Structures are given as C-alpha cells and as structure tokens.
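Letter by letter, the chains look like this.
2 protein chains.
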Amino acid sequence: MAMKVGFVGLGIMGRPMALNLQKAGHRLWVHGRRSSTMQPLVDAGASACASPAEVAKNADVVFVMVSDTPDVEQVILAEKGVVHGARPGTIVVDMSTISPAATRRMAGELHSKKVEMLDAPVSGGEVGAVNGTLSIMVGGKKDVFDKVLPLFQAMGKNIVHVGENGAGQVAKACNQIVVAVTIEAVSEALTFARKNGVDAAKVRAALMGGFAGSKILEVHGQRMLDNDFKPGFKVKLHQKDLRIVMEDAGKLGLALPGAALVAQHLNALMGAGDGELDSSAIVKAVERLSALAR
Amino acid sequence: MAMKVGFVGLGIMGRPMALNLQKAGHRLWVHGRRSSTMQPLVDAGASACASPAEVAKNADVVFVMVSDTPDVEQVILAEKGVVHGARPGTIVVDMSTISPAATRRMAGELHSKKVEMLDAPVSGGEVGAVNGTLSIMVGGKKDVFDKVLPLFQAMGKNIVHVGENGAGQVAKACNQIVVAVTIEAVSEALTFARKNGVDAAKVRAALMGGFAGSKILEVHGQRMLDNDFKPGFKVKLHQKDLRIVMEDAGKLGLALPGAALVAQHLNALMGAGDGELDSSAIVKAVERLSALAR
Chain A
1 MAMKVGFVGL GIMGRPMALN LQKAGHRLWV HGRRSSTMQP LVDAGASACA
51 SPAEVAKNAD VVFVMVSDTP DVEQVILAEK GVVHGARPGT IVVDMSTISP
101 AATRRMAGEL HSKKVEMLDA PVSGGEVGAV NGTLSIMVGG KKDVFDKVLP
151 LFQAMGKNIV HVGENGAGQV AKACNQIVVA VTIEAVSEAL TFARKNGVDA
201 AKVRAALMGG FAGSKILEVH GQRMLDNDFK PGFKVKLHQK DLRIVMEDAG
251 KLGLALPGAA LVAQHLNALM GAGDGELDSS AIVKAVERLS ALAR
Chain B
1 MAMKVGFVGL GIMGRPMALN LQKAGHRLWV HGRRSSTMQP LVDAGASACA
51 SPAEVAKNAD VVFVMVSDTP DVEQVILAEK GVVHGARPGT IVVDMSTISP
101 AATRRMAGEL HSKKVEMLDA PVSGGEVGAV NGTLSIMVGG KKDVFDKVLP
151 LFQAMGKNIV HVGENGAGQV AKACNQIVVA VTIEAVSEAL TFARKNGVDA
201 AKVRAALMGG FAGSKILEVH GQRMLDNDFK PGFKVKLHQK DLRIVMEDAG
251 KLGLALPGAA LVAQHLNALM GAGDGELDSS AIVKAVERLS ALAR
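Residue numbers (the working numbering), protein chains in the order written: chain A, 1 to 294; chain B, 1 to 294.
Simulated from the structure, these hints should not be mistaken for lab results.
Values in this document were obtained by computation on a predicted structure and should not be read as measured data.
Be careful, since some hints might not be right.
[To be verified] Calculated cross-link-like contacts (lysine-lysine; reagent style BS3-like; alpha-carbon spacing at most 27 Å):
| id | chain 1 | residue 1 | chain 2 | residue 2 |
| --- | --- | --- | --- | --- |
| 1 | A | Lys215 | B | Lys251 |
| 2 | A | Lys4 | A | Lys157 |
| 3 | B | Lys240 | A | Lys157 |
| 4 | A | Lys215 | B | Lys202 |
| 5 | B | Lys141 | A | Lys202 |
| 6 | A | Lys202 | B | Lys240 |
| 7 | B | Lys195 | A | Lys240 |
| 8 | A | Lys251 | B | Lys195 |
| 9 | B | Lys195 | A | Lys195 |
| 10 | A | Lys195 | A | Lys57 |
| 11 | B | Lys251 | A | Lys202 |
Turn these sequences into a full structure, and let the hints steer you where they fit.
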C-alpha cells in the first residue's frame with residue numbers, strides 16, 4: 001500500500017535509500033541541505049521541500065539519514081525542524097548512527113507532542129543502500145515498527161526489532177565494536193605472520209572456515225593482503241562511531257578496553273592523514289607501532 | 001597404501017587422532033605416559049611401546065601430540081626420545097601447539113641427523129579430533145608434506161601447507177590471536193548491550209550475517225548468552241597459546257596490543273579459578289572489570 005513518505009538527508013546513503021522507497025511505489029517529499037542532492041529524486045517524481053518541517057507537513061513517515069548526533073537534533077528539533085511540521089501520529093524514523101542516550105531524549109521530546117519515533121541505524125554500506133540489502137536495527141514501540149516495516153523492506157533485508165527507543169542505536173554500536181575489534185584481531189594476526197616471514201595469504205586461507213573465520217577475515221583480511229584501502233567504510237566514520245560508544249560507556253560506567261584500544265588506532269590513523277581510507281587500514285596503525293612499513 | 005605409523009601422546013586429542021589413523025588401515029606403534037591411555041589403541045590392533053624411541057624404531061612417520069614446548073622437546077630429544085630410535089628418512093610430525101622458534105630449532109637438530117620434521121598444529125578441538133575434521137596447518141618441506149598428506153587426510157579436512165618449518169606453528173598462533181581477540185570483541189559488544197538494558201540475544205541476531213558476523217559470534221556468543229562455559233577450548237590452554245604468541249612477539253620486537261590485552265583477561269580468569277572453563281568466559285573478565293555479576 002503506497003504511503004506518504006518523507007526523507008531528509010540525501011547523501012551517499014540517503015539518496016539510494018530514498019530512491020528504493022520511490023521505486024517501491026511510495027509518494028516522496030524530500031529535503032537535502034544542498035538542493036542538487038534532491039534532483040535525482042525529483043526527476044523520479046519526488047517533491048523537493050525547503051525544510052525538514054515542510055517534509056513533515058506532507059508525509060506520514062519521515063526518514064532522517066544524516067551524519068552525527070548534532071545533525072539529527074538539528075533536523076528534528078531546530079527551527080524549521082521535523083517537529084514543527086509533524087502532527088500527532090506522525091512517525092519519525094532516524095536511520096543515522098548516533099548516540100543511544102540522545103536518541104532516547106529526542107524520542108521522549110517527540111512523544112510529549114504525540115509524535116512517534118524509531119531509531120533504525122543500518123549496516124551494509126553504500127552497496128547495501130543501492131541494492132536494498134541493508135541490515136536495519138530498530139528501536140521503538142513494536143506497533144510503530146510494524147507500521148514502518150513495509151518501508152524498511154524496500155531498503156533492507158535483515159530487519160530486527162531490537163527493543164525500545166535507543167535499542168537500535170545500541171545494536172549498531174555493538175556492531176561497530178565487533179567490527180572494529182575483529183579488524184584489530186585480523187590485523188595483529190596477519191602482522192604476526194608477516195613479521196615471522198610466513199605468507200599471510202596462506203595463513204588467512206588456513207584460518208578461514210575454522211573458529212577464526214569471520215566476514216572481516218574474508219573481506220578486510222583480503223584488503224590488508226592487497227594493500228587496498230579504498231572504502232568501504234571510512235576510518236573517520238568508524239572513529240565517530242567508536243567515540244559514540246566510548247562516550248556512552250563512560251556515562252554508564254562501563255570499561256571496554258578492546259574498543260578503547262582500537263579507538264586509539266583510529267585516532268592515530270586520523271592523525272596520519274588516513275581518515276578517508278577503509279577502516280581495514282587499522283592494520284597500518286598496528287604495523288606502525290613496530291615501524292613496519294607497508 | 002598402509003604405512004608404519006607411530007603416535008606419541010594419547011590424551012584427549014591424540015587418542016582419537018591415532019584411532020582415525022588406525023581406522024584408515026595403517027599399522028600403529030604408540031606410546032603414552034600413562035599406559036592405560038594406550039589400551040584402546042592396543043585393543044584396535046596397535047603395538048604399545050615403552051618409549052618414544054621404541055615407537056621411532058618401528059615407524060616411518062612418528063606423530064607427536066602433547067601439551068607444551070618442553071613436553072615436545074622431551075619426547076623428541078630427551079633420553080629415550082624419538083631421535084634415539086629414528087633412522088635417516090624418518091619423518092617426525094609434531095601436531096602439538098608450541099613455540100615457532102623452538103620448532104625451528106628442533107627441526108634443525110633433527111635435520112642434522114637426516115631426520116625430517118613437520119610442524120602440524122590443529123584446530124577444531126576434541127570434536128574435530130574424533131570426527132576426523134580437524135584443520136591442520138603445516139610447516140616444513142613440501143615433498144615431506146606430500147608424503148604425510150594421506151595420513152593428515154585420515155585426521156582432518158582443511159589441510160594447508162603454510163610454508164617452511166615453524167610456519168604451521170605461526171599459522172596456529174595467528175588462529176589463536178584471531179579467536180582470542182574476536183571473543184573479546186563479542187564479549188564487549190554483548191556487555192555493552194546488557195549494560196544498556198538491551199536484549200543481547202536480539203543484538204546477536206541483528207549482527208549475524210553482516211560484517212560483524214563470525215564463527216565466534218555464532219558459537220561463543222551463544223555460550224555467553226546461555227551462561228554455559230563448558231569447554232570447548234579451555235581458558236588454561238588459550239592462556240598457554242597466547243603466552244607462546246607474546247613470547248615470540250617479544251623476541252621479534254613486535255607489539256600486539258590487542259592480543260596482550262586479552263592475555264591479561266585470561267590471566268585474570270586463571271586467578272579467579274576459571275581455568276577449566278571455555279575461553280568464551282573472557283566475557284566474565286570483561287564484566288568483572290565493571291563489577292557486573294553473571
């Protein structure tokens with residue numbers, strides 16, 4: 001059933017996601033900070049809006065896909081933000097990766113105005129956004145999730161309702177912890193092989209399929225062997241995501257020494273000018289510790 | 001083609017491995033420190049020997065499967081050791097997980113007596129040993145590897161010739177680094193979810209199949225959720241393996257901060273009396289840091 005859908009944030013992820021909603025037959029109202037980003041959507045039949053508030057005036061479900069916590073707060077709560085166009089019953093779905101605590105605060109604020117909110121961060125990158133194969137981790141009320149599910153299905157495959165508001169962001173944070181620390185694991189192992197004079201490609205082959213097997217060993221391990229750090233998922237974004245994790249852990253009084261260690265390697269990569277590389281470049285930070293060149 | 005095969009070390013791993021060689025039709029000479037461990041082999045037709053030297057006098061290929069570097073040195077080089085029964089052309093295959101450097105030293109010493117050596121540590125645990133589905137990582141000369149391959153195929157599935165003497169041990173060390181640090185990754189992520197009040201089982205489900213997906217998330221993640229730390233692979237053995245890694249890294253002048261961190265968690269588990277648990281109990285060490293009870 002066609003729905004009235006809004007989409008704010010038409011970057012490298014948001015634009016193909018919005019296009020997939022349009023392809024699924026929904027009526028779209030869109031807003032991007034740079035008006036040029038709206039053109040492909042308008043060409044496909046969407047209406048360009050001057051502000052997030054204008055998007056919300058027209059749509060029943062408003063998706064937000066921007067970079068960081070302050071961007072989401074701006075889009076939803078600031079002057080001309082979504083909240084100023086929304087009506088009771090409007091559903092705001094934030095698909096950005098941001099702070100779980102800030103998410104819970106915003107959901108509370110919207111709820112006091114009878115506006116519903118879901119947090120629904122994704123993994124799968126640009127390829128997943130284009131192909132409609134994103135993993136989507138959702139927090140919020142189950143009945144609201146059920147209403148939005150057909151729209152999620154136009155954008156992703158593995159769609160999990162994790163729990164209440166913020167739970168989607170917590171799951172995404174967990175995803176980023178596991179990915180970062182597993183990249184560290186593979187980086188240290190392949191560097192150990194190399195320093196021992198052993199063929200790291202053969203080691204990777206020997207480890208695949210056993211308990212050491214992972215998507216990271218398969219994909220990022222190959223990138224390390226090929227010395228090819230074209231993103232993929234950028235160091236600067238992984239750094240941002242681990243900053244969110246460590247801030248949240250700090251507030252909770254939770255020690256995450258592995259995640260903290262990898263966050264330092266991401267900091268070091270930023271300082272070395274490697275922020276635009278794929279985060280499998282963590283292997284470079286590991287190698288630099290022992291002055292191994294690549 | 002049936003071969004004359006020796007097997008020294010008939011513990012939880014060695015016994016089923018030797019039985020699989022026997023089932024494949026080979027003639028076996030065996031030795032275990034406790035004579036009772038030889039009985040199931042003798043019942044199946046093997047000859048019990050009083051020493052590793054006696055095994056080597058009878059067999060053309062002698063397998064060794066014991067616990068640690070000093071045990072292997074004892075079995076191969078000490079009085080009544082394999083070297084004292086071996087002839088030029090005898091092949092010694094050490095399947096224990098020990099130091100790569102010590103392996104290279106022993107291979108050199110045996111080579112000076114025209115005795116060949118392969119290092120061939122395994123992963124896959126007791127289940128893999130019983131079912132003949134071990135992963136086997138082999139170091140040594142390619143032509144020697146080719147001679148032993150039919151025997152390896154009676155014990156394992158994923159059999160990789162990684163490189164020269166010691167390369168099998170290096171690959172196994174890499175395996176243990178990846179497994180340990182990936183357990184840390186999953187432990188921190190599930191603890192983050194729990195401390196945030198989010199259902200860790202749903203988080204695991206949301207992460208499976210994406211870039212965070214791994215054998216460890218699947219198997220060890222489930223053990224953490226079930227609070228079931230029946231081994232599997234024991235903390236005390238994983239501690240030993242990371243000790244070997246860190247000793248080797250120290251000698252090489254290689255920093256492995258992630259592996260070092262997890263080695264500390266294994267140390268802490270040993271001190272807490274958890275050495276007999278599966279090494280997925282690393283999650284307990286992570287939780288204890290923040291005084292979270294399980």
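Does the alpha-carbon distance linking Lys4/A and Lys157/A stay inside the 27 Å limit?
-> holds (22 Å)
Is the hinted pair Lys251/B and Lys202/A satisfied, with a Cα-Cα distance of at most 27 Å?
-> Holds, at roughly 23 Å.
Within a Cα-Cα threshold of 27 Å, do Lys251/A and Lys195/B meet the stated pairing?
-> This hinted pair holds, its Cα atoms lying about 11 Å apart.
Hinted pair Lys141/B and Lys202/A, Cα distance within 27 Å = holds (15 Å)
Is it true that the CA of Lys202/A sits at most 27 Å from the CA of Lys240/B?
-> holds (24 Å)
Given the hinted pair Lys195/B and Lys240/A, is their alpha-carbon gap at most 27 Å?
-> holds (21 Å)
27 Å limit on alpha-carbon distance, applied to hinted pair Lys195/A and Lys57/A = violated (61 Å)
Hinted pair Lys215/A and Lys202/B, Cα distance within 27 Å | holds (20 Å)
Compare the distance between the alpha carbons of Lys215/A and Lys251/B with 27 Å, and conclude whether the hinted pair is satisfied.
-> Roughly 31 Å separates the two Cα atoms, so the pair is violated.
Satisfaction of hint between Lys157/A and Lys240/B, Cα-Cα up to 27 Å | Violated, at roughly 42 Å.
Assess, step by step, whether the Cα of Lys195/B is no farther than 27 Å from the Cα of Lys195/A, and give holds or violated.
-> Since the Cα atoms of Lys195/B and Lys195/A sit roughly 39 Å apart, the hinted pair is violated (cutoff 27 Å).
The structure fails hints 1, 3, 9 and 10 (numbered hints given earlier, in ascending order).
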